[in-house]
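J.: In order, the protein sequence lines correspond to chains V and H.
Sequential numbering of the first sequence, starting at 12, is according to our numbering.
Sequential numbering of the second sequence, starting at 260, is according to our numbering.
Keep in mind that the hints were calculated from the coordinates and are not lab data.
Everything numeric in this text was worked out from a predicted model, so none of it was measured.
Positions of the beta carbon are idealized from the N, C-alpha and C atoms, including for glycine.
Among the hints, a few may not be true.
[Claimed, not checked] Going by beta-carbon spacing under 10 Å, a handful of chain V positions derived as facing chain H: (1) Val-97; (2) Glu-99; (3) Glu-100; (4) Met-101; (5) Ile-103; (6) Ala-105; (7) Gly-106; (8) Arg-253; (9) Pro-308; (10) Ile-309; (11) Tyr-452; (12) Arg-454; (13) Gly-458; (14) Cys-466; (15) His-469; (16) Ser-473.
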Amino acid sequence: MWELIKENHRKSILVFALLAATLLVLGYVIGAAISPAQGGPAGLGIALAIWIMMSFVSIFAGESILLMSSHAKEVTHDMHPQLFNVAEEMKIAAGLPAMPRLYIMYHAAPNAFAAGLNPQNSSIVVTTGLLEKLNRDELQGVIAHEMGHIINRDVQFMTLAGVLLGSITILSEVFLRGLFYSSARGSSRRYNSRGGGQAQIILILTAVAVAILAPILAQVFYFAISRKREYLADATSARLTRYPEGLASALEKISVRIPANETTDNINKITAPMYIVNPREAANAMAADDWMSTHPPIENRIKILRGMMGGAGVSFSDYQNAYARVNNDGKTIIPDSALTKTETVVIRDPNPESPVSGPGRQTRDLGDLVRAAGGFAFLTCACGLKIKLPPDFKKSHVTCPRCRRDNRVPIAEMLAVGAAADLAMRSAAQPKQPPQTELHYERKGRGWETVSCTCGHHMQVSPLFAGTNMKCPKCGTVIRIG
Amino acid sequence: MGLAALILLLLIVAVILGVIGIYNSCVQLLNQVKNAWSQIDVQLKRRHDLIPNLVETTKGYAKHEQQTLENLTAARSGAMTARTVADKSRAEGALSGAIGRFMMVVENYPDLKANANFLALKEELTSTENKIAFARQNYNDQVLFYNNNIQTFPSNIIAGMFHFTAQEFFELEDAADRAVPRVDFS
Chain V
12 MWELIKENHR
22 KSILVFALLA
32 ATLLVLGYVI
42 GAAISPAQGG
52 PAGLGIALAI
62 WIMMSFVSIF
72 AGESILLMSS
82 HAKEVTHDMH
92 PQLFNVAEEM
102 KIAAGLPAMP
112 RLYIMYHAAP
122 NAFAAGLNPQ
132 NSSIVVTTGL
142 LEKLNRDELQ
152 GVIAHEMGHI
162 INRDVQFMTL
172 AGVLLGSITI
182 LSEVFLRGLF
192 YSSARGSSRR
202 YNSRGGGQAQ
212 IILILTAVAV
222 AILAPILAQV
232 FYFAISRKRE
242 YLADATSARL
252 TRYPEGLASA
262 LEKISVRIPA
272 NETTDNINKI
282 TAPMYIVNPR
292 EAANAMAADD
302 WMSTHPPIEN
312 RIKILRGMMG
322 GAGVSFSDYQ
332 NAYARVNNDG
342 KTIIPDSALT
352 KTETVVIRDP
362 NPESPVSGPG
372 RQTRDLGDLV
382 RAAGGFAFLT
392 CACGLKIKLP
402 PDFKKSHVTC
412 PRCRRDNRVP
422 IAEMLAVGAA
432 ADLAMRSAAQ
442 PKQPPQTELH
452 YERKGRGWET
462 VSCTCGHHMQ
472 VSPLFAGTNM
482 KCPKCGTVIR
492 IG
Chain H
260 MGLAALILLL
270 LIVAVILGVI
280 GIYNSCVQLL
290 NQVKNAWSQI
300 DVQLKRRHDL
310 IPNLVETTKG
320 YAKHEQQTLE
330 NLTAARSGAM
340 TARTVADKSR
350 AEGALSGAIG
360 RFMMVVENYP
370 DLKANANFLA
380 LKEELTSTEN
390 KIAFARQNYN
400 DQVLFYNNNI
410 QTFPSNIIAG
420 MFHFTAQEFF
430 ELEDAADRAV
440 PRVDFS
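Model the full assembly from the supplied sequences, consistent with the hints where possible.
T.: Following this line, the structure appears as structure tokens:
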């Protein structure tokens with residue numbers, strides 16, 4: 012695997028150099044076109060300045076901009092044990108030095124992406140749509156794919172390439188627009204008066220040609236690299252999980268076309284290419300194998316992965332063989348240096364699945380998870396409905412939407428408990444004041460029962476419990492058992 | 260001092276730098292192998308810590324399964340007290356077997372299977388078993404990278420000079436140990 016990373020590193024430098032050269036040439040040519048005397052170097056300087064500025068922004072703030080723009084919420088182990096465990100297993104299998112931070116994004120379409128410039132400091136974002144639809148093996152395949160991007164330094168590479176592409180696009184657009192407006196205002200005479208006449212016109216034409224072609228070429232290049240990286244990440248995922256069918260069936264579930272009227276607010280043009288499946292392409296039912304697509308066609312990816320099942324194994328050379336069988340285009344995804352060492356990597360059995368509680372319940376739980384992370388409070392009404400209070404809810408009473416009961420929101424108690432706990436922390440040995448309310452719970456039978464306190468904590472009452480009172484360990488409310 | 264001497268000097272410097280680079284990569288890969296080995300122990304210990312919780316949660320429901328619970332607890336203490344590598348390997352295999360049998364017994368208690376605490380513990384147990392498997396897998400991968408490095412030319416010369424030896428792959432001795440306890444309720 013190290014050869015893969017080294018090879019990618021070498022290619023990154025090459026691509027970087029090529030795109031950088033394009034940018035600088037563009038800058039020089041534009042500058043020379045505007046003012047032949049000192050314009051060339053000035054244009055170069057401006058191009059360099061734009062590039063450096065954008066690089067700084069994306070390196071230092073890129074990840075947080077991405078996370079903020081998708082409204083992603085961080086997930087801890089307690090919030091979603093399965094997701095966290097699946098990711099931790101992959102971290103162990105990959106030998107990563109640090110666990111990537113996990114985030115959930117509230118969106119119906121299943122998708123995932125990775126962010127972060129190096130393995131020590133990375134993030135993976137997963138949509139609620141993904142968590143609903145996939146089982147454990149499939150989820151693991153997707154997470155392994157994203158980790159593959161992190162390990163192979165794809166995020167770093169694609170960010171740098173993206174910055175260059177962005178700079179080239181900005182520069183050429185500014186120039187072309189400037190040209191358009193200045194000629195529209197009829198001030199083209201200004202160019203002629205600088206002298207040089209015909210040579211000047213040729214320079215301008217060259218600049219225009221380069222300005223139009225450069226972004227197109229850069230984009231083509233960018234997309235081609237992106238597609239190759241996706242295949243590589245698939246190969247890494249198969250190798251890490253030892254179970255390519257997981258990722259294959261996940262891709263199958265993800266590739267179901269989303270109806271066009273479903274909102275894609277959080278996904279904009281900038282973040283779209285970084286997802287495991289380009290959501291804008293999926294939504295528009297675009298034929299995904301053009302040179303304009305950031306991701307390889309999903310059917311091919313699935314076929315390649317399934318081609319490995321029942322075969323010799325899931326090493327990189329097996330992936331290369333499966334790729335050759337499906338695509339038959341003579342391209343090599345895995346560089347030769349990573350293939351020279353023969354290794355047999357055996358496929359494992361699928362994970363047996365625990366009984367699923369039903370898609371409806373899972374959606375609700377996931378929605379609650381996102382709300383809890385967003386500062387919502389939960390209140391259980393006596394009729395059984397879980398009332399969700401937004402973080403800015405200030406009133407002391409709320410009417411239950413189902414049974415119309417008037418529920419008291421113990422804000423005052425919560426504040427009192429909070430203040431008391433705060434004091435206790437600052438000066439030792441301050442006794443905590445329990446709230447004054449008393450709840451009553453009717454036993455329904457003789458077995459184990461769940462008692463819910465108004466603070467949201469659930470307690471188990473044993474069949475052997477013979478007492479009359481129970482105290483909620485979280486908020487101290489006394490509950491009478493009768 | 261002619262041109263030839265200068266070229267010779269540059270050549271020697273290049274070779275020395277190359278040797279340093281190869282030596283460093285051997286050391287780094289060997290450290291990765293050692294780290295991967297200790298990772299397996301971390302996950303095994305995690306499994307030990309989960310067992311008492313599991314036994315406690317079950318006790319309330321499965322009163323007649325004393326024997327199974329006792330076997331599980333005994334297997335756990337056996338695994339915790341094992342010292343040599345061979346003993347540890349055997350004891351961990353025995354523990355895996357005990358967990359498997361325990362899970363089979365649990366199938367008869369639908370109340371237990373639906374209990375939220377138990378479900379959370381079951382998820383942790385499944386995950387820990389997977390982590391043990393992945394830790395072993397990672398160890399074998401690191402051993403592969405390391406062995407490849409010290410056995411290919413030209414690194415094998417340097418490796419031989421500094422006495423880097425090939426590491427052994429982790430293999431389960433008993434075929435029965437390969438069967439990870441199935442936490443399956445279907």
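J.: Could you run down the list of hints and mark each one as holding or not?
T.: Do the hints match the structure? See the list:
Interface restraint check: V/Val-97 against chain H, minimum CB-CB distance 8 Å, threshold 10 Å, status holds. Here the hint on V/Glu-99 is kept, as its CB sits about 7 Å from the closest CB of chain H, short of 10 Å. Because the closest C-beta pair between V/Glu-100 and chain H is about 5 Å apart, less than 10 Å, the hint holds. Because the closest C-beta pair between V/Met-101 and chain H is about 8 Å apart, less than 10 Å, the hint holds.
For V/Ile-103, the interface hint holds, since its Cβ comes within 10 Å of a Cβ in chain H; the closest pair sits about 5 Å apart. Annotation: interface hint on V/Ala-105 holds; nearest CB of chain H at approximately 7 Å, less than 10 Å. Hint status for V/Gly-106 relative to chain H: holds, with the closest Cβ pair at about 5 Å, below 10 Å. Because the closest C-beta pair between V/Arg-253 and chain H is about 7 Å apart, less than 10 Å, the hint holds.
Residue-level restraint check for V/Pro-308 is violated (minimum Cβ-Cβ distance to chain H is 30 Å; threshold 10 Å). For V/Ile-309, the suggested interface contact is broken, since its CB lies about 27 Å from the closest CB of chain H, more than 10 Å. Violation of the interface hint for V/Tyr-452 is found here, the shortest Cβ-Cβ separation to chain H being roughly 18 Å, above the 10 Å cut-off. Annotation: V/Arg-454 was flagged as interfacial toward chain H, and the flag is violated, the nearest CB pair being 17 Å apart, outside 10 Å.
Contact between V/Gly-458 and chain H, as hinted, is supported at the beta carbon level, the nearest pair being about 7 Å apart and thus within 10 Å. The criterion of a C-beta within 10 Å of any C-beta in chain H is not met by V/Cys-466, whose closest approach is roughly 17 Å, and the hint is violated. Interface restraint check for V/His-469: the shortest CB-CB distance to chain H comes to about 8 Å, inside 10 Å, so the restraint holds. At its closest, the beta carbon of V/Ser-473 sits 7 Å from a beta carbon of chain H; the interface hint therefore holds under the 10 Å criterion.
In this structure, the earlier hints numbered 9, 10, 11, 12, 14 are contradicted, and the remaining ones agree with it.
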